[in-house]
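From these two lone chains plus the hints, build me the complex, please.
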Amino acid sequence: MPTKVEKDAITGTETTGHEWDGIKELNTPLPRWWLYVLYATIAWSLVYYVLYPTIPGSKGLLGYSQRVELSENLARAKARQAGNLKRVAATPMAEIRGDPELLNFVLTGGRAAFADNCAPCHAPGGAGRPEYPVLADDDWLWGGGLEQIQHTILYGVRNGHEEARFGEMPAFGADGLLEADQIEAVADHVLALSEGGAADGVGAEIYAENCAACHGASGEGGRDFGAPRLSDQIWLYGGKRSDVLAQIRRPRHGVMPSWTGRLDETTIKMLTIYVHALGGGE
Amino acid sequence: MRHLESLEQMADTVQVEDALSVEAQKRQPLYAGRVEVYPKDVSGRFRRIKWAALVGLLAIYYIVPWLRWDRGAEAPDQAVLVDMAHERLYFFFIEIWPQEVYYLAGLLILAAVGLFLVTSIAGRVWCGYSCPQTVWTDLFMWVERLIEGDRNARIKLDKSAPSLDKAARKTLKHALWLVIAAATGGAWIMYFNDAPTVVRAIFTGQASPTVYFFAGLFTATTYLLAGWAREQVCTYMCPWPRIQAAMLDEDSLVVTYEKWRGEPRGKHKKGQSWDDRGDCVDCNMCVAVCPTGIDIRDGNQLECIGCALCIDACNSVMERVGRPANLITYDTERNQQNRALGQPSSYQLARPRTVIYSLLFLVVAGVMLWSLIFRPTFDINVLHERSPLFVTLSDGDIRNGYTIKLLNQTRAARAFVLSLDGPPAATMQVVGQPGDAHEAVVLNARADSVATFRVYVTLPKGEMPGDTVPINFVLRDEARGEESVYQASFRGPAR
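Listed in order, the protein sequences are those of chains A and B.
Just so we're aligned, residue 1 is where the first sequence starts under the working numbering, counting upward by one.
Just so we're aligned, residue 1 is where the second sequence starts under the working numbering, counting upward by one.
Just chain B, with the same shape it has in the complex (with noise of 0.2 Å):
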């Protein structure tokens, strides 16, 4: 019965036409060309947050790899730097070992809760203003009309006959595009290298081929993707539009038209009545600063990357013919309901969604802060060994391998304390180490490091319970108090 329902409800938007007249008209075509988008220069509240937005993080991203940290003569002094060859990721006073890549994936988790967050209370504030697609192409727009000029002057330019001009001013502008690429591609690669160095190296034909390889991959897809793809990576590349719509519901913050009083609309001369009629005059200025090239006064659509431009384009046009402002405005669903009924705003930040982004942002913050202050500054791996699984010595008493890896996260070297904890009669003796049958072994790592040494257990003939007991090794660090245990296992014959 529902089915038939919404067959019905789909009859008043489904026009089913005979096949054979419209063989007759023109089939739509397999594939589109790009609607080419020429966005208008637009200033205005919105535009200055997007311009400081832009220079912020542009600033941070070339900036960054250029700060120096001190961590002694051994250790980079870069202070972002992710270390492949030494398998290290410092981030100023932190210091990431490969096995602590869980951190990186703690710091992922909070980027995604905080970005449902800040979608679910003002909409898509990531895709307006932060994105680096967005930035980019921000930053490349702008070149643009610097080169070209503005809206009509590109619109023309692209339009008119090859000339001298257009080639000049063409070729000036992918020049700059392709500056602005490689110095992004080469920053990149500064991350991953030491900045200074990395740039001598760069100019001076030494760096490895990884590093042209990657600042020429790194040039290639921001020249692409800003120059020519933009808001193409929005819509069909990004999955985030298509995803985002989840996080939002009626009270968030959107960029909205506000249908109730705009409509209808239609041109407006000086000294008309705007009796009768919406405030809207029709200008398609909203839609010529879209960076996007979409039409606000639709809804809310996936296209909409949330940058607001268009407000500041409708409030100049408002301010000019004399109507109220936002009549495109950052506004709730409810709230614009509400509005169109006469009824007083009312805004609710508190949600279950946003409650429950919060909380989990909070809680996943508190997990990385609390396990990133107390952890150990060393750590011990145990492999047994599995060929042979045990020895049985010539007294029959059964012996046991172990490599004994001791993680040295420190500056400095330290010496360790190592113990076991098992049967009473388990002897260890440490390869190297002169003497054998100890119950604890000073053991030495070197700073920043990790010591590898080998280490036999041997328990009488007899004193096996069963083929398998639980041993641990303990390791303490006297000097400072911090212990940590492996649990392993002692293996003998099958009885």
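Isolated chain A, as found in the complex (with noise of 0.2 Å):
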């Protein structure tokens, strides 16, 4: 409480007491007006407790619920997305990729589900990641064709499915199938290969009996037995010679599940189209 109260000469207003380089700041009352606003704003927030859940437990009179909207809007999007899903059912993959406007509908459905279902291994985009497949490129374990990618997504890769793509490569060193010096030498040839020569010799024989029934004569693979092609650049273990040699010696094999009956049909054909168009189908 001030003890002494200071007046404007000039207006007769009182002053704040709160003084600038000798200027001291009047306080000149508000306009009533803004008080009733004030007072407005108050009077509807009470209105808005009421109508709106803002007390933990209460629902509000107008029972309004951000997941009843969410669910709403969700049920919304489904029914509008109900004809397009339809027609996908309906038309033949090679079809979609011939009708722009469908097309783009299951490229955005088929990005969607990817994200949900394929990206926590193979990547967004397909990029791959260590010992998992590059869907972006052009080089396929299973095929790159629609109805083998659509196989490979229905079944997945040695999941004990009786559909399942499988194939499985002989541990050459920890089964004792081949001696160090023999894994050394294929492993160079291997690496050969890779760079577009052929080492004749010793590891080019032990290549031949060994390797060429699945691997193929010059490494070109073999995706019946999903054998990766050995005479491109592109490598799922690595392509060091460390890496060969672990890989000759006792084999990782991926595994995928198979998404039969974890999404439905229509999902499946649009993810097929998905990743053949990431930038390598076939």
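Keep in mind the hints are simulated off the structure, nothing from the lab.
Beta carbons are placed, not taken as given, at the ideal position from N, Cα and C, and that holds for glycine.
It is possible that some hints are incorrect.
Far from chain A by the CB rule (all over 12 Å, computed), these chain B residues [unchecked claim]:
(1) A73
(2) A105
(3) C131
(4) D150
(5) K170
(6) F213
(7) K259
(8) Q336
(9) S387
(10) A425
These stretches of chain A come out as covered by chain B in the derived footprint (C-beta under 8 Å, 3 or more residues) [claimed, not checked]:
(11) 29-41
(12) 125-133
(13) 137-146
(14) 227-241
Below you can see the structure in the form of structure tokens.
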């Protein structure tokens, strides 16, 4: 409580007592309507409290819920997609690719499904991760045609499903199928294959006897067994000599789940076309 | 020391009272009720200018949405239209796309600098004549005067006991205000929708909820601001009165009272001498006509919107009492001082601030005009794919993916040639176009649209000098000889 109250001589208005460079601030009264606006906002907040679920546990008079709104919006979006989804289900994949409007729908849906289900291993955009194949390149273990991609997604790889892709490379080192120096020689041959050359000699002979059945005589790969092409620049488990040696001694085998039953057929169709369009479809 | 001096100066203007004695008196209230302003009708030169401005500006506001402009079958034919749904802004022959919204920013800069310039030359003419708040308040006051009569009649009516006549007049006034407000809000909507269509839709109840909401919102704000809030908008809400003082100097024209010849003021009876007194007869006409209810004789003040109606009022009185006109006048502070001392008038239009504002205005206007005349009719945008950033192909080549957007801003379908300007070994493939390894591709873009293409660029193994190579996409319109270049980059594995 100030003991002194100052009044401006000209206007007769009290000052606030605040002073800047000798200028004193007048305590000019606020317009009354301004006060009423404040009351109105307080009254509105009470109305809002009653109408909306403001107090924990209460639903508010309007019964508004963001969760309900979200599920309604999702349902609406689903309903809007229904027509296109039906068309996707009824149209062969090759025809979808010729229909720009439907293709756009499929690629958008495929991207969403891919991000939800596939990207954890294959990375967004099919960029691949170490030991998980790149889907955007032109190299395919099990084939890059629409039907082949669809089969891989439907049944997966080495997961026990009877339709699953399956192929297993013997553990040449761990099971003692080849001697250590033989493994070294065949690794050199494999690395040479990748560079376009082929070394004559021990490595080539061992390769012809043990590897060519699956990987092909010149390393062109065997898609029936998921045997990677060795004559290219793409290495699933690494292209260093030590990587190749490790893979021959005790091969690692990737596993992919079967998506039958987890995703509906239309979604798998959309995924197939999306993966095919990532840049390497055949 | 300076502080002490200023405190001593303050002593002249601030009275210090004992708090208890003030407590004993009535304490100043925290809130003040509005002092109702009843502006009196006035006629004269500035009132005529104000009427002309009002009619002209309202005509522009209400008529412009109805002007048509032929843009062909594909585009709307409304001359001025903000088409939110299709992301276009039409202004007669100009069509603005969203990415060109800097033209709007430029326009706002022009408006601001223009306002500064005008204010530094002639004071608050914007506030007095052309601000929407002023124009609509003036219109509402005209309606009020028509129904409730002039100042004295209105004061009497407001003080009178409730009666049928009072109720009828008030109801009619508010009804007319609401009609004007609705027309104002409705016209605002027309700048964002095709005017004839939206008017029909509003009256047949088929307009969208958004249309009704905004029409209602602008109806309500017009009614409240022009009918009820009036001068309080200028005094309490608008920031401009507080800023504009910075634009003024002693050579700016402002509405001012010639204190040196008006004082000492006093009532004057016919036949009395004018010796030893000022010309001001203290008739209070200047206060009665003021739309913000102030006394201009107190000097230039924040509430004064510079409408000059007090000049008209005072001149009619000066004429009657036979004294020189313009006791309240448009004049500069410097000139007033000169005239008070009997020195010749001097006006100085060219001052640093007017020159700088003018130059700024011309530069911004020039840049905008230049860019508007020479703006390209197409554009290219390139999005480098980030996942995967690059792909190693089976033969060891590196491939990057790009999404290319062609903006064709003309009303005709066009063909562009896309070519690469980068490492000579780089080749390009457009998804959906037959063949691969192009050096240049023809891409078609429909009229007034954005065409999207996916493009792969491949660089043979060993051609990458580092992990990043700059690469330019060049888009040419062969027919017109126009070219647009986008600088992108090509990424490969780190070495």
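| request: Test coverage of the region 29-41 of chain A by chain B using CB-CB distances below 8 Å; three residues minimum. | output: holds (count 7)
| With d taken as the least Cβ-Cβ distance between B/S387 and chain A, does d exceed 12 Å? | violated (4 Å)
| query | So is B/D150 really clear of chain A, every C-beta pair being over 12 Å apart? | reply | About 26 Å separates B/D150 from the closest Cβ of chain A, which puts it past 12 Å; holds.
| Nearest-CB test (12 Å) between chain A and B/F213 | holds (18 Å)
| Do three or more residues of the region 137-146 of chain A come closer than 8 Å to chain B, measuring C-beta to C-beta? | It holds, with 3 qualifying residues against the three required.
| Nearest-CB test (12 Å) between chain A and B/A105 | Check passes; 32 Å lies beyond 12 Å.
| task | Quick one: work out the minimum CB distance from B/C131 to chain A and report holds if it exceeds 12 Å, violated otherwise. | result | holds (20 Å)
| field | No chain A beta carbon within 12 Å of B/A425's | value | holds (17 Å)
| Does the claim that B/A73 lies outside the interface with chain A hold up, using a Cβ gap greater than 12 Å? | Per Cβ check, B/A73 is outside 12 Å of chain A; nearest 23 Å; holds.
| query | Do at least three Cβ atoms from the region 125-133 of chain A come closer than 8 Å to Cβ atoms of chain B? | reply | n = 4 at 8 Å, threshold three: holds.
| Interface exclusion of B/K170 relative to chain A, criterion Cβ beyond 12 Å | Label holds. Min Cβ-Cβ 19 Å, cutoff 12 Å.
| query | Under a C-beta cut-off of less than 8 Å, do 3 or more residues of the region 227-241 of chain A approach chain B closely enough to confirm the stated coverage? | reply | holds (count 4)
Checked against the numbered hints given earlier, the structure breaks only hint 9 and satisfies all the rest.
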